[in-house]
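There are 2 protein chains.
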Amino acid sequence: MVKLDYKKGNGLIPAIAQDDKTGEVLMLAYMNEQAFTETLKTGKATYYSRSRNALWKKGETSGHVQNVKEIRVDCDNDTVLLKVEQIGNAACHKGYKSCFFSKVVGNDLKIVESKIFDPKEVYK
Amino acid sequence: MVKLDYKKGNGLIPAIAQDDKTGEVLMLAYMNEQAFTETLKTGKATYYSRSRNALWKKGETSGHVQNVKEIRVDCDNDTVLLKVEQIGNAACHKGYKSCFFSKVVGNDLKIVESKIFDPKEVYK
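Protein sequence lines, in the order shown, are assigned to chains A and B. If you want our numbering, it's the position in the first sequence, counting the first as 1, plus 258. If you want our numbering, it's the position in the second sequence, counting the first as 1, plus 258.
The set of hints was computed from the structure by calculation and includes no laboratory data. Mixed in with the good hints, there may be bad ones.
It does not matter which identical chain is used: a pair holds within one copy or between any two.
[Stated by the list, open to error] Straight-line Cα separation of at most 25 angstroms, DMTMM-like style, residue types lysine to aspartate or glutamate; simulated pairs: (1) 368 - 318; (2) 378 - 328; (3) 378 - 343; (4) 382 - 278; (5) 352 - 263; (6) 279 - 263; (7) 373 - 263; (8) 261 - 379; (9) 352 - 336; (10) 327 - 277; (11) 299 - 328; (12) 261 - 296; (13) 368 - 336; (14) 382 - 282; (15) 261 - 318; (16) 327 - 278; (17) 299 - 343; (18) 266 - 278; (19) 279 - 291; (20) 265 - 343; (21) 361 - 291; (22) 265 - 291.
Chain A extracted, bound-state conformation:
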């Protein structure tokens, strides 16, 4: 079994999801040990929601699941990188492909991506 270091983050480690084909960084979320085990077992990205304090099977509501193609672990065993196929081509609940749709420009944030879907239509 792969041993990860959950201690430093009080039971959680950050997990980066990256588009397997384009290399685009889609999002960062957190995993506890159960989420990591579920991800391994199911091949679908499962995170731990810090706001809901519960396992979060990505795409359960939106259908935008992430099929995990590869998992990398960093040199300290305290961060994982998931290379995923993003179903629906959008990872962000705000309708963008990537959660990183805002760029720092001078002293402000500027949206530099286009929406793939309308959140009101997907989360009814």
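Fit chain B to the known structure of chain A by using the hints.
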């Protein structure tokens, strides 16, 4: 000034460094507000070391600084993505280009990248 949400992580936010040219995810580290401000001011990635409890100007010892080409912020304003030019072509203190040089294969981790430098030569 760009306002980020440092509260959820007790004063720290995760910062992903990605190779500006290839899209490779190089590492994940943490920033406090001062590290983020320093990064903006200097154009070089500055993190906060959780083990040393101090600002960490990436590359100060090794020379492997990261020139920041672009900064993205995620939809919750609690994670940043730095697109960087990695000097020395290696971000990891273990000598690899990326800290994510290990892949989950079955129940084990397997090193799937090659070393760029010998840490003993760089950190004397």
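Q. Between the shortest in-copy and the shortest cross-copy C-alpha distance, which are at most 25 angstroms for residue 265 and residue 291: within, between, both, or neither?
A. both (11 angstroms within a copy, 23 angstroms between copies)
Homo-oligomer pair classification [residue 343, residue 299; C-alpha up to 25 angstroms] = within (17 angstroms within a copy, 36 angstroms between copies)
From the Cα coordinates, with 25 angstroms as the cut-off, is the pair residue 382 and residue 282 best called within, between, both, or neither?
Answer is neither; intra-copy 28 angstroms and inter-copy 36 angstroms both fail.
**Asked** Is it within, between, both or neither when you check residue 352 against residue 336 at 25 angstroms Cα-Cα?
**Response** between (28 angstroms within a copy, 15 angstroms between copies)
| field | Status of residue 318 relative to residue 368 across identical chains (alpha carbons, at most 25 angstroms) | value | Neither way: residue 368 and residue 318 sit 30 angstroms apart in one copy and 31 angstroms across, limit 25 angstroms.
- Item | Within, between, both or neither: residue 352, residue 263 at alpha-carbon 25 angstroms | Between copies only: 18 angstroms across, 31 angstroms inside.
Pop the pair residue 378 and residue 328 into one bin, within, between, both or neither, using alpha-carbon distances up to 25 angstroms.
neither (32 angstroms within a copy, 30 angstroms between copies)
Given identical chains, is residue 266 near residue 278, meaning Cα to Cα at most 25 angstroms, within a copy, between copies, both, or neither? Neither. Shortest intra-copy (28 angstroms) and inter-copy (29 angstroms) distances fail the 25 angstroms Cα cut-off.
Notebook entry, point to check: At most 25 angstroms between C-alpha atoms: does residue 261 with residue 379 qualify within a copy, between copies, both, or neither?
Noted result: The answer is neither: 40 angstroms in one copy and 29 angstroms across copies each exceed 25 angstroms.
Within, between, both or neither: how does the pair residue 279, residue 291 come out at a Cα-Cα threshold of 25 angstroms? neither (27 angstroms within a copy, 33 angstroms between copies)
Treating 25 angstroms as the Cα threshold, decide for residue 373 and residue 263: within, between, both or neither. Classified as between: cross-chain Cα gap 23 angstroms, same-chain 36 angstroms, threshold 25 angstroms.
> Is it within a copy, between copies, both, or neither that the alpha carbon of residue 368 lies no farther than 25 angstroms from that of residue 336?
Replying inline: Close across copies (16 angstroms), not inside one copy (31 angstroms); limit 25 angstroms.
In the structure shown, a violation is registered for the earlier hints numbered 1, 2, 4, 6, 8, 14, 15, 18, 19, 20, in ascending order.
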